[in-house]
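By the UniProt record's numbering, the letter at position 329 of the sequence shown is numbered 329, and the numbering carries on one by one without gaps.
Bear in mind the hints are in silico, worked out from the structure with no lab data behind them.
Don't take each hint at face value.
Said to hold, decoys possible - Per label pair, the in silico range of CB-to-CB distance:
#1 L430 with P313: 18 to 24 Å
#2 Y151 with E97: 37 to 43 Å
#3 T361 with E76: 53 to 59 Å
#4 P291 with F232: 41 to 47 Å
#5 L91 with A316: 55 to 61 Å
#6 P291 with K319: 28 to 34 Å
#7 D306 with T400: 29 to 35 Å
#8 L285 with A194: 17 to 23 Å
#9 K238 with E83: 55 to 61 Å
#10 L104 with K301: 32 to 38 Å
#11 R435 with F359: 35 to 41 Å
#12 K238 with P291: 32 to 38 Å
Unchecked claim - When the alpha-carbon atoms are kept at most 25 Å apart in a straight line, the in silico BS3-like pairs for lysine-lysine are as follows:
#13 K248 with K364
#14 K125 with K85
#15 K125 with K189
#16 K185 with K125
#17 K248 with K125
#18 K427 with K236
#19 K319 with K301
#20 K105 with K236
#21 K372 with K427
#22 K248 with K236
#23 K236 with K319
#24 K189 with K107
#25 K85 with K105
#26 K248 with K85
#27 K125 with K107
#28 K372 with K238
#29 K107 with K85
All C-beta atoms in this analysis are idealised placements derived from N, C-alpha and C, irrespective of residue type, glycine included.
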Amino acid sequence: MATQPSKQLYVQRSALSMRTFSTGRASFSELVATTKPKKKSFFPTRTSNSVAYWLLGSAASVFGIVVFGGLTRLTESGLSITEWKPVTGSLPPMNQEDWESEFLKYKSSPEFAMLNSRMTLEEFKSIYWMEWIHRLWGRVIGVSFVLPAVYFTARGKMTASMTVKVWGIAGLIGFQGFLGWWMVKSGLKDDLFAPGSTPRVSQYRLATHLGTAFIVYLSMVWNGLTTLRDNFLLTKMKAADASAMLKKLQDPALRPFRRATAGLTALVFATAMSGALVAGLDAGLIYNQFPWMGQGLTPPKSELFDPFYSHVPAGASGKHSDLVWRNMFENPSLVQLDHRIMATTTFTAVVALFGWTRFSTVLKHRLPSSAKRAVHGVFGFASLQVVLGISTLLYLVPTTLASAHQAGALLLLTWTFVLGSRIHASKHSLSLLERALQNGRLGVQTTKKVSTVSPIRTKTAFRKAAEPQLQGVLPA
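Input sequences plus hints: build the corresponding full structure.
Right under this line is the structure:
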């Protein structure tokens, strides 16, 4: 008879394990549901600093190839390789026979026939090496970007959004290789053999190729800088300083300044692209004076809007429908004037932004000190760029000055992005910082994947967690 209570208790416990046991508290089945581990997220909440340093290092390499590409164009070396072989083209000519073969291919090009008919093999080698190094550098950038991207993705070092951005940049790098050949191909067309033609690449394709390189570079810079900034705020700054920075990043009073910075960045980029049109048309070799263009500040209207550049016959009214835009992009005189106007507008905007930060009471007190330093950087490089641009024009586009002017455009763009990274934060970055402040977790240096997995992982822990739910239900 003494065993009867024990047997009854066993039956009750067995029944409990076989059915949902509802009480005034949570049911047993609900407890099981709430303690079931949830699946981990593969991506971390923050991108590792190592990814940021890799992006900035890649950006430095892209900066180098942009400058070297400008030198390749200025030395008229870009049309020396008349084929596009992404894999086998990695190897240069290895012997005299190979060099003779490459030179023979170049002799069939419009550039040799129209401009370099007296070129020797040794002279050809010098321009060939320039183009070959430029192409090889592009391949190295592609490999040195894709392989680390695979590693960082596999190891979960990047957030989901950063992973998408990185692989988007990788796609742009591959597309840029195609654009390079597309540009070169425009300088090898048979119609360039016609009398009066100038064998050179299309200014449209040159601007596209350069613009894509700028976008690749700036994408790397932006994502690298914002990642370093976010991690610094979360792991290095004290809570009080981080809280103050969060308030500044969210301050509505800075919204007009952010918009002005974005507008200035777009203006600098557009001015740089107009410079690409100047380079593609050799428009810097005319009107080598400043601020005058001939007898006045602008050439005569008849020269700026010349029907010669129109591709559409005049209509009944005697006007060409494409007269304006054709001249804007194909007439060297108007292209140079456009670039002058845009450059002057850009510098004026930079001076206005600089003055705004100096004399505005709101910006004096609410703009982060790091952003104020960036404004000084923008102003300094804009001033340098003006000096380089005017000097390049006055001295008839010497290679050194022209190359420095192109590099200056990219440096100025870089500093506008630096400024932007110090006054703008994404919603994801702001939410991370707010959460860290609320949870008191600033200063925790980790990029581990987060999950909402319950700590209940073992049977023993499960029993302990379930005990409070079962008290008063099971017999003692």
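- Message: 55 to 61 Å was suggested as the range; check whether the CB atoms of L91 and A316 agree with it.
- Response: Since the Cβ atoms of L91 and A316 sit about 60 Å apart, the hinted range of 55 to 61 Å holds.
- Message: Holds or violated: the 28 to 34 Å window for the beta-carbon distance between P291 and K319?
- Response: holds (31 Å)
- Query: Within a Cα-Cα threshold of 25 Å, do K372 and K427 meet the stated pairing?
  - Reply: holds (23 Å)
- Message: Does K105 sit within 25 Å of K85, going by the straight-line distance between their CA atoms?
- Response: holds (14 Å)
- K238 and P291, beta-carbon distance inside 32 to 38 Å? violated (52 Å)
- Item | Consistency of beta-carbon spacing, P313 to L430, with hint 18 to 24 Å | Because 58 Å falls outside the window, the suggested range is violated.
- Within 25 Å, alpha carbon to alpha carbon, are K236 and K319? Measuring from Cα to Cα gives roughly 65 Å; hence the hint is violated.
- Message: With the threshold set at 25 Å, check whether the alpha-carbon distance from K248 to K364 stays at or below it.
- Response: holds (12 Å)
- Does K125 pair with K189 here, judged by a C-alpha cut-off of 25 Å? holds (22 Å)
- Between K248 and K125, does the CA-CA distance stay at or below 25 Å? Not satisfied, since the Cα-Cα distance of roughly 57 Å exceeds 25 Å.
- Is the distance from the Cβ of K238 to the Cβ of E83 consistent with 55 to 61 Å? Roughly 60 Å apart at Cβ, these two residues keep to the hinted range, so it holds.
- Pair hint outcome, K107 versus K85 [Cα-Cα no greater than 25 Å]: With Cα atoms ~19 Å apart, K107 and K85 stay inside 25 Å; holds.
Of the numbered hints given earlier, the model fails hints 1, 10, 12, 17, 20, 23 and 26; all others are met.
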